[in-house]
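K.L.:
Please put together the full structure from these sequences, using the hints given.
The listed protein sequences correspond, in order, to chains G and V. Taking the working numbering, the leading residue of the first sequence gets 1, the next gets one more, and so forth. Taking the working numbering, the leading residue of the second sequence gets 1, the next gets one more, and so forth.
Hints should not be assumed to be uniformly reliable.
Capping the alpha-carbon separation at 27 angstroms, the derived lysine-lysine pairs in DSSO-like fashion look like this [what the hints assert, rightly or not]:
hint, chain 1, residue 1, chain 2, residue 2
1, G, Lys246, G, Lys213
2, V, Lys162, G, Lys143
3, G, Lys143, G, Lys172
4, G, Lys247, G, Lys18
5, G, Lys143, G, Lys87
6, G, Lys143, G, Lys123
7, G, Lys36, G, Lys229
8, G, Lys246, G, Lys229
9, G, Lys143, G, Lys112
10, G, Lys87, V, Lys278
11, G, Lys129, V, Lys162
12, G, Lys123, G, Lys112
13, G, Lys172, V, Lys162
14, V, Lys32, V, Lys278
15, G, Lys112, G, Lys229
16, G, Lys112, V, Lys162
17, G, Lys87, V, Lys162
18, V, Lys32, V, Lys162
19, V, Lys32, G, Lys112
20, G, Lys17, G, Lys246
21, G, Lys237, G, Lys247
22, G, Lys172, G, Lys129
23, V, Lys162, G, Lys123
24, G, Lys18, G, Lys229
Treat the hints as calculated values from the structure; they're not laboratory data. Bear in mind that the values here come from a model prediction, so they are computed numbers and not experimental data.
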Amino acid sequence: MTRGSSRLIWGVTRLKKKMLEVSDLQVYYGAIHAIKGVRFEVDEGEIVTLIGANGAGKTTILHAVSGLVRPRSGGITFCGQDLLATKPHQITGLGLAQVPEGRRVFSRMTVKENLEMGAYARKDSIGIKEDYDRVLTILPRLKERRRQLAGTLSGGEQQMLSMGRALMAQPKMLLLDEPSMGLSPLLVQEIFRTIREINAGGVTILLVEQNAKMALELASRAYVLETGKVAMQGAAKELADNEEVKKAYLGG
Amino acid sequence: MYYVTQILNGLGSGSIYALVALGYSMVYGVVKLINFAHGDIIMVGGYTIFVLLGMNAPLWLAVAGSIGFCAVAGVVIERVAYHRLLNNDAPRIALLITAIGVSIFLQNLAQLIFGTNQKPIPKMFTLPAIRVGGMNVSNTLLNIVVALLMMAGLQLLVNTTKIGKAMRATSEDAGAATLMGINTNSVILFTFAVGSALAAVGAVLYSNTYMQIKPMMGGMLGLKAFVAAVFGGIGSIPGAMLGALILGLAESLSVVLGQSAWMDAVVFALLILILLFKPAGLLGQHMKEKV
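P.N.:
Structure, rendered in structure tokens:
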């Protein structure tokens, strides 16, 4: 599905069902104007990536979507719901889960407890148990470590746990913030393979990455952010071939 | 035998410190706030008992009423005094000053309503006498048993229940907890309610043990409970208990050595020692400060 849509031109993908829509987003940190009128969309089933240098505002955008940062103005709708009118802790319940930058697992809780926390907003205990087993199948490294404290896991395992925890919310859409950060190339491959699997399972993906090369290989569409603005956008393949993008983000 | 009774005495008063220290530790664990008004909650609990017993309420109602009233008071204090500061990421010093302000307010409010003199509390629990070395220690044992039960209950709450796990998650990373769908504001209110309810249990034991209360009673008691929480490792439930019991023992030790005038000095010397040699406290974990 993502393979197919990655060949489509910009205008054609727009015919699909919109899942996340961000319009004219303005975010300030005190006097600092961090996000200056960003607009982007993610359609159902897509993998979309936001790439850009450190400080371009990628994490801030994800935090605004998840309600951790309040934008000064703009609009964010998810499946028709106005997220700016939704309390931050109720956003997960709508089917929008985030795998935050730096994993942010609960290090003094066990792997199992971390996964339980992911399902905090859910009430269906049978479904939660099923998803728990399913997550341990997708992420087998976690299975043997489920009684360990999350703080004792390696970086790669913590990334897996953070992803598993988000999956426990039964999300329609997953926001991933720098999942490759600080991991060995081999682990990065594994993480990206897992993201592809999750997407194939029907979860829409919005991926924020500094590893632009890997992100553009995985995604169907991409937005290039520069100092709080969308500098370029389009099909991931095309952006990967774009000379400017190559020079700035793909190391020549 | 003299030593055994002194040890029991130390553990008995340590148990009252423990019930206050648990609340200090819980609130600190979840919101990183030293709630200096927490000691005064035990005074609020004491006066609630005084008023209810004065209205000829049955004992169970006085106890339950005191616990309930303190829990509500804890929630109101959070809402009125701390909530906006916490939600706006106010500097710690602002929170600390506010907490001291709440403490002074509570002490003065009690003086205004009840006067500055101490009030007598009638004997609350009549227990079968248990004699050790000619001294009846049944009250002391009651304090110890109740404190241990409360600590065990709190441990169970924090480790096994959904809200308890949400408390631990919020304490580690409130932002990540929000991403999980945890309403951290409710978790914080719940923490204040439980902490204050535990202080009220402390108030029940205090009233039963010393049979008198006064508006300023929470001051030194709260300070010592705070020392106990730091000594045991603030944020740790068993740590607060252990710290408080050691504190109580240290106090009774200074009595045994005939130096009861130095009792308070011993307590604060312990604080200085632990801060020098193990700043995280006996059972505390070093928490990495996030930049």
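K.L.:
Indicate, hint by hint, whether the structure satisfies it.
P.N.:
Cross-check of the supplied hints:
no.	hint	in the structure
1	G:Lys246 to G:Lys213	9 angstroms, holds
2	V:Lys162 to G:Lys143	22 angstroms, holds
3	G:Lys143 to G:Lys172	24 angstroms, holds
4	G:Lys247 to G:Lys18	32 angstroms, violated
5	G:Lys143 to G:Lys87	33 angstroms, violated
6	G:Lys143 to G:Lys123	23 angstroms, holds
7	G:Lys36 to G:Lys229	6 angstroms, holds
8	G:Lys246 to G:Lys229	19 angstroms, holds
9	G:Lys143 to G:Lys112	9 angstroms, holds
10	G:Lys87 to V:Lys278	41 angstroms, violated
11	G:Lys129 to V:Lys162	15 angstroms, holds
12	G:Lys123 to G:Lys112	17 angstroms, holds
13	G:Lys172 to V:Lys162	24 angstroms, holds
14	V:Lys32 to V:Lys278	19 angstroms, holds
15	G:Lys112 to G:Lys229	39 angstroms, violated
16	G:Lys112 to V:Lys162	13 angstroms, holds
17	G:Lys87 to V:Lys162	20 angstroms, holds
18	V:Lys32 to V:Lys162	21 angstroms, holds
19	V:Lys32 to G:Lys112	26 angstroms, holds
20	G:Lys17 to G:Lys246	31 angstroms, violated
21	G:Lys237 to G:Lys247	15 angstroms, holds
22	G:Lys172 to G:Lys129	18 angstroms, holds
23	V:Lys162 to G:Lys123	12 angstroms, holds
24	G:Lys18 to G:Lys229	21 angstroms, holds
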